[in-house]
Structure formats: C-alpha cells, structure tokens
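What follows is each chain in one-letter form.
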Amino acid sequence: MRLYEHEGKALLERAGIRVPKGTLVSGSAADAGPSLGAATFPVAVKSQVLTGGRMKAGGIAFAEDADQLSAELTRLLGSEISGHRVETLLVEPKTQFDREFYLGITYDSAAKSAVAVFSQAGGIDVEQAGAAVKAEIPLLLPASGFRFKELLASAGLQGRLLSGMTGVFTKLAGLFRDNDCILAEINPLVLTPEGKLVALDVHVELDDDALYRHGDLVKRFGLEGRDADARERSPLERKAEEIDSADHRGVAGRMVEFPGNLGLLIGGGGASLTAFDAVQRHGGKPANYCEIGGNPSVWKVKELTKLLLSRKDVERIAVIMNVVSNTRVDLVARGVVKGILELGLDPAEKIAIFRIPGAWEEDGFSLLRKYGVPYADRTVSIDQAAKMAVAGAGGER
Amino acid sequence: MAILVDKDTSIIVQGITGREAASFTKDSLDYGARIVGGVTPGKGGQEVFGLPVTDTVRELTERFPVDATIISVPPPFVKDAAFEAIENGIRLLLVVTERVPRRDVVEIVELCRLRGARMIGPNSLGVISPGKSRLGMVGGPAEDVRKSYVPGNVGVMSRSGGMTTEIANLLTVNGLGQSTCVSVGGDPIVGSQFADLIDVFEADAETHALVLFTEPGGAMESALAARLRERPSRLPLFIFIAGKFVDQMRGVRFGHAATLVQSEADTTEAKARILSEAGVTVVEELSALPGLVKEALNG
Amino acid sequence: MGEFIAVYLKDKECAEHEGCRRLISLCPVDIFVEGEGGAAVDEGQVDECTLCGLCWEALPDAVEVRRLYIDGAEARA
Numbered sequence: 001m002r003l004y005e006h007e008g009k010a011l012l013e014r015a016g017i018r019v020p021k022g023t024l025v026s027g028s029a030a031d032a033g034p035s036l037g038a039a040t041f042p043v044a045v046k047s048q049v050l051t052g053g054r055m056k057a058g059g060i061a062f063a064e065d066a067d068q069l070s071a072e073l074t075r076l077l078g079s080e081i082s083g084h085r086v087e088t089l090l091v092e093p094k095t096q097f098d099r100e101f102y103l104g105i106t107y108d109s110a111a112k113s114a115v116a117v118f119s120q121a122g123g124i125d126v127e128q129a130g131a132a133v134k135a136e137i138p139l140l141l142p143a144s145g146f147r148f149k150e151l152l153a154s155a156g157l158q159g160r161l162l163s164g165m166t167g168v169f170t171k172l173a174g175l176f177r178d179n180d181c182i183l184a185e186i187n188p189l190v191l192t193p194e195g196k197l198v199a200l201d202v203h204v205e206l207d208d209d210a211l212y213r214h215g216d217l218v219k220r221f222g223l224e225g226r227d228a229d230a231r232e233r234s235p236l237e238r239k240a241e242e243i244d245s246a247d248h249r250g251v252a253g254r255m256v257e258f259p260g261n262l263g264l265l266i267g268g269g270g271a272s273l274t275a276f277d278a279v280q281r282h283g284g285k286p287a288n289y290c291e292i293g294g295n296p297s298v299w300k301v302k303e304l305t306k307l308l309l310s311r312k313d314v315e316r317i318a319v320i321m322n323v324v325s326n327t328r329v330d331l332v333a334r335g336v337v338k339g340i341l342e343l344g345l346d347p348a349e350k351i352a353i354f355r356i357p358g359a360w361e362e363d364g365f366s367l368l369r370k371y372g373v374p375y376a377d378r379t380v381s382i383d384q385a386a387k388m389a390v391a392g393a394g395g396e397r
Numbered sequence: 001m002a003i004l005v006d007k008d009t010s011i012i013v014q015g016i017t018g019r020e021a022a023s024f025t026k027d028s029l030d031y032g033a034r035i036v037g038g039v040t041p042g043k044g045g046q047e048v049f050g051l052p053v054t055d056t057v058r059e060l061t062e063r064f065p066v067d068a069t070i071i072s073v074p075p076p077f078v079k080d081a082a083f084e085a086i087e088n089g090i091r092l093l094l095v096v097t098e099r100v101p102r103r104d105v106v107e108i109v110e111l112c113r114l115r116g117a118r119m120i121g122p123n124s125l126g127v128i129s130p131g132k133s134r135l136g137m138v139g140g141p142a143e144d145v146r147k148s149y150v151p152g153n154v155g156v157m158s159r160s161g162g163m164t165t166e167i168a169n170l171l172t173v174n175g176l177g178q179s180t181c182v183s184v185g186g187d188p189i190v191g192s193q194f195a196d197l198i199d200v201f202e203a204d205a206e207t208h209a210l211v212l213f214t215e216p217g218g219a220m221e222s223a224l225a226a227r228l229r230e231r232p233s234r235l236p237l238f239i240f241i242a243g244k245f246v247d248q249m250r251g252v253r254f255g256h257a258a259t260l261v262q263s264e265a266d267t268t269e270a271k272a273r274i275l276s277e278a279g280v281t282v283v284e285e286l287s288a289l290p291g292l293v294k295e296a297l298n299g
Numbered sequence: 001m002g003e004f005i006a007v008y009l010k011d012k013e014c015a016e017h018e019g020c021r022r023l024i025s026l027c028p029v030d031i032f033v034e035g036e037g038g039a040a041v042d043e044g045q046v047d048e049c050t051l052c053g054l055c056w057e058a059l060p061d062a063v064e065v066r067r068l069y070i071d072g073a074e075a076r077a
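Protein chains in written order, with the working numbering: chain A, 1 to 397; chain B, 1 to 299; chain C, 1 to 77.
Wrong hints could be hidden among the right ones.
Derived coverage of chain C by chain A (criterion: at least 3 residues anywhere in the stretch with Cβ under 8 Å from a Cβ of chain A; other residues may be distant) [to be verified]:
| # | segment |
| --- | --- |
| 1 | 31 to 41 |
| 2 | 65 to 72 |
To give an idea of the interface, some chain B residues facing chain A are shown, with a C-beta separation under 10 Å as derived from the structure [unchecked claim]:
| # | residue |
| --- | --- |
| 3 | 103 |
| 4 | 148 |
| 5 | 159 |
| 6 | 213 |
| 7 | 216 |
| 8 | 222 |
| 9 | 295 |
The calculated label-pair distances, taken between Cβ atoms and stated as ranges, are [to be verified]:
| # | chain 1 | residue 1 | chain 2 | residue 2 | range |
| --- | --- | --- | --- | --- | --- |
| 10 | A | 349 | C | 10 | 35 to 43 Å |
| 11 | C | 60 | A | 248 | 25 to 33 Å |
| 12 | B | 99 | C | 28 | 21 to 29 Å |
| 13 | C | 28 | A | 242 | 22 to 30 Å |
| 14 | C | 10 | B | 175 | 48 to 56 Å |
| 15 | C | 51 | A | 134 | 50 to 58 Å |
| 16 | B | 42 | C | 43 | 36 to 44 Å |
| 17 | A | 71 | B | 273 | 46 to 54 Å |
| 18 | A | 65 | B | 273 | 48 to 56 Å |
| 19 | B | 273 | A | 231 | 25 to 33 Å |
| 20 | B | 17 | A | 258 | 40 to 48 Å |
| 21 | B | 47 | A | 215 | 35 to 43 Å |
| 22 | B | 296 | C | 58 | 49 to 57 Å |
FYI, nobody ran anything at the bench for these hints, they're computed from the structure.
Each residue gets a CB set at the ideal place from its N, CA and C atoms; glycine is no exception.
Construct all of the structure, not just a fragment, from the sequences and the given hints.
Right under this line is the structure:
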C-alpha cells in the first residue's frame, strides 16, 4: 500500500531524517488561509496523490508570495493529476540545494533479499540516469551502518558527506524494516548550501500482508479501506467485490470488466490467465476477467453468474478452471446453473462451455447433463475449451 | 530415486490440527507419504490419524529422523515455525500459508542460507513425485492425485499451484508421466525459484525434460535466463507463459500476489524473449505442449 | 426441496424430536434451523449441501438427502 508523501515524511521525521517543515491544506483555498499565515516564501505546493511523476504532470508548483500561493491553491485543489483527484496539498518552504541524491531500500525478488540502492544523480529522471549502486542488506542481523558506508564509498562519496549520508541511509533502513515497507525511497535527498541533508520527496509502500502488526500506522493514516491498487472500480466490479466479501467461503470476485460479449467464470490464479489468453487467441471477446477458487459456496457462484449476465451485452458465459482438487466441480456447476435459472434463462443456451475437471466431477457432469449444458472433461485442455466456447461448438451435453 | 521427496522421506506437519492441514495430512497418508507426526502448540499429547501431535518440533526430531516439514500455520506464526524447524535440523521446508509478510519470508531465506536448508513457498501447494510421495496438498485427495499424476520422466515447476496439476494432467492424458512436480509458490518472494531448483532436476537421472509455467511479474524468469546463459541445461526446457493480456494492464494485479506488470521486464513478452534467447522453448498454446515434449524426448 | 438437492426430515423421528436439534450445529452449511419441537429444513439453503454425510450418519433414521440431478437418488447410497 502506497503512502502519501506527507505520511512518508512523517515516518522519515520520526526516524530522525530531516524534512522541510510543511503544512497540510485541504478543502478550499479560502479555508487554507489561516494555517498558511506564517508561510516563509518561496514555497513548494505539492499535490498529495498516490502516483509518481507529479512534477511532470503539473501537480507540483512554486509560489513566491501570498497571491501566487492563493492562485496555486485554487488551481490545484480539486483538480486531477494523472487521473487522481487532488484533495490535499502539502505546502512547504522551498529548499535551496547544491546537489540531489537518490536513496532507496526495497526487495530484490531474484536475490530474495532487501537491497539498498544509491545514485549520485537523484531527481526526476533518476530511472534514466543509471549509475546506481546496489547492496544486499541482511534483515536477520541487527542494522549496521558499515554496509551503507561501504556502498556510498563505492559510489565515490567522501568526507562529511559520506558520514552524513551513511547516517541517513542507516535510518532509512531502520524505517524500512520497522514499518514492514516493501519500498522506502527518498528522491531527491538534497545537500543544502549549509551542508544539511534534507529529504524533499519520499515514496513509501507498506506490505499489505504485514499491516496487521502496524495498527498504529493504520489508525494514524486511516489506512483501513484504502485500495491496495489505485485503479477505479466500475459499479459491476464493486458489486462483485461485495458478493465476494459477503461470504467467506472461497473466492469468487476480483472482477475486471472488458468490453466483450463472452462472460468468464474462470480460476484459479494461473488458469484464469491461461483461459483469458486462450479466449482472445481464438478470437473471442471476453466481457471480464475474474478469479474463482478456494471452493466457493453455491450462493457466491450463483450471484456472480447473475451479475455477469446482468450486463446486457454479455451473451453467454464460459466456465473454465484447471483440474481442481479443493474447489468442487459439482458445487460450481450448481451455482452457475442456479444463477441462470433464477434469471429465467436456459443453462443449455447461456453456458458456452463448462470445463472444470477434478474433485466431484462425476456429480458435476451428471448435473450438467441433466440441464443439457455443454461440458468438457480433463481430456480437453484449457485452450481447447476456450476455442469451443468461442466457436459455440460446445462439448458433450 | 526421486528429488526433494521420495518414498522414505520422513515428514512432519506444523499446524497439523488445522482444518486444511488435517485434510491434506489424511490425503497424503492415503497417497503413501511418510508423515510421522505433527506439531500444534498447546495440543501436545493428542493424536491425529494415529500420528503423535506435539507442542514442539524438538519432541518429534528427538523421536524420529525428520527430513521435511510442511508448514500450515496462520501468517503471523510462519516465521517462528520455520525457524523452529530449521534450528531443529530440518533441511526441507514447504510453506503452504499465503500472505506471509515479505520481511518474514526474507528472514527465513536468510536463516536457510546460514543453515543449509531449503524452503519451497510460501503460498505453495507442494511437491509430488508421482507414485512415491507428496509433500503438501498438490493434486488433492489420493484418488484425484492418481488421475492427474502418473510416474514418468518429465519434471514440472509452476508459479501456480492449480496449474501444476493442470499441466501434469495434460501430460498424463497424453501418455507422459512426471518425475517430480513443484508448485514453487505465487508470492513475490519465494524460497526456491526456477533458477534454484533447476540444478536439482538436472541432477536427477529420472528427469528427461522440464516444463515450466509462469505468469507476468517478478524476476524469476530473468534469474533463470541468467543461469542458463552462464550454464546451459542438459534438459530440454519448455515454458508456458500465461497472462499476455496483463501486459497491457499496468499496475493491475491479476490472480496471484506477484502477478502484476509494473515495468517492461514484468511483461510476458519480455519473459518470452529472454527465455527463448536462453534456449527455452516458449510454448504458445498449452495443448501443443505434450507434442513438443514428446518430440524432444524421442528426437 | 432445492433445485439440485432435497433434504427430508421424517416427521415422527425428527421434526418432533428434541434430539434432532443437534443437526442445527452439525451441518456445516446451515441447512437445519430451529423448528417447532425440533429441527426444520431451511429450503433456501439446501442447494449448499456438500453431501458430507454428517447428518445422516448422526441420525440415520431421521434424515434423507437426495440428489435431484441423478434421478432423485439417495445421497448416502
């Protein structure tokens, strides 16, 4: 879960890393007046949105005086930056600096380790700048400054800068570990003419799977219910999420809509990707992606089926999963058939193909035969089933 | 001689009294896995399917030689359970649990390195050597396992647990048996990746070809490509990459936790390119896989 | 009766029998509810039946579960 810049800066400050002293502004420009009375100009006005590239997208402005500030507040509050609505601004004194650096700690999944990354060329184009140095940081051992000193020295840092930067990096690593981050990145960290190191921007992502041990952060930043990914859900996708969470048995939701006419009830994780690709490869137009698995209840599958068919452009649905061992073929079959019957439609017409072999397949296939639904067993591969669904050829009935 | 697990591999289950663990323990015993006991703190002294349940791993390692453990405990307890297994001398850990905090996974990996242990997972359905033994729950109840998996010479590694069985089944219905099949786990960081396990398959005389299943996201494929560029494999390698449509949908997660395209390297296209350059046959259509494997085995 | 499954409680042995109440907590998918003097079947729930057999094993003479998709065959057979 990505944190807003001001939340990340609060964590930096708590870890002892210097940040500009900012003020948060939300609501309208008029509301903001009093809290900004003592602003020291020039100031930076920064949109608090959960996306990178804010500078290039026009989400960051500078003001030399109160009039300019007021104009920027009016312009930015309520505007959209890269598709994200700006509800809060961070106003801070503009920091003069001589140099910009990049410091980051993240996980390297190939190395299966935390890694520290440093570049002398911080700033908005750091990804293109190259010339970064990296080092693995063990988590099992207590944090030790020497690892960062070695890394920074290898990048050519010397003297007071080397010592100061080592201190900042060590603190950042502590922050990364203590808060269960998956990314903690300062870009840029600047060196001021007075020789101070100040974090001007920060990008922190927390591990969603570790939030349970950070109740303080969840409460402080109101993280409960913040979407793990920032994608806007369509009304249908939100309804699918509601169905999924209304019943704890199994998964049947995680819907993403597409503009096609073939509804998909597919799963599990890998097979759903395989089936979606196969439908497209054979010229089909999927109406959605979704993922069913974990042995969902009949009710859940039934509701999802009805939801999919509530879209007027969805003509038929294809039900495709890998050979299942936990999810039961008969229970999924019941759910799909029942959903169609409750809509007053004919399962034999509405189901393009039902291809789920595995646990309780004899019961499932008996049920499908009774309703004349075309089905395929384990001798028919996922892509052959997708082809049948697209061609309307069906399988056994 | 199968790899990772064999007929005489002695196995314990941490969290054995849990609903899922009890069920796969029974299924595994039916399949012939040599499970010798289980651990659930606070329930020591009980019995499950005639197996002793203890409070600590040590009580079991003192009674039996233990080669492997299956960890099926809630996410907050996985790290401690893994440390307990490693520190009591167990050298193969299978972690079934999903949603383990990333820091905990990395700390387990680090302790494995220090002690010479291996972790499969987290979020793995398990490892199976058909007809010999199974570690975990891949394939389900014994009778279902026997339908999908038969002994043979094709190895399988998959980032998806369900697709491990799907691919084995596809090979089986086309007359190709399997040597060992590994569900490596669908999380962003897993203890054993393709590049870690390929050595084990190469050292196995029973494995004559290796089939991989992968998805968008993660760096497992580039690590494998790097390994193959450095040291080509003696095995014909095949990979099926699902989720081509995800290439166009940056930032949206599909299916597994790690299935997310954030940069060019995460795409199926990039993965197909680097693996193909490294000598892996990229299979475009799943149903073409058995034919390609047969060709390689007979050719 | 559901679409796929039918669950019957035989009146004499069950619905009027206190002992039948144990079905309510026994059933993993909540097919049995409080009835007058004993348990009753929640018809809206019977299609969730997983054919696990806990009910007919507990009270073999009182409960009957049938698969309507296989000619109404009794499930315990």
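Which numbered hints turn out to be false for this structure? Structure breaks hints 1 and 9.
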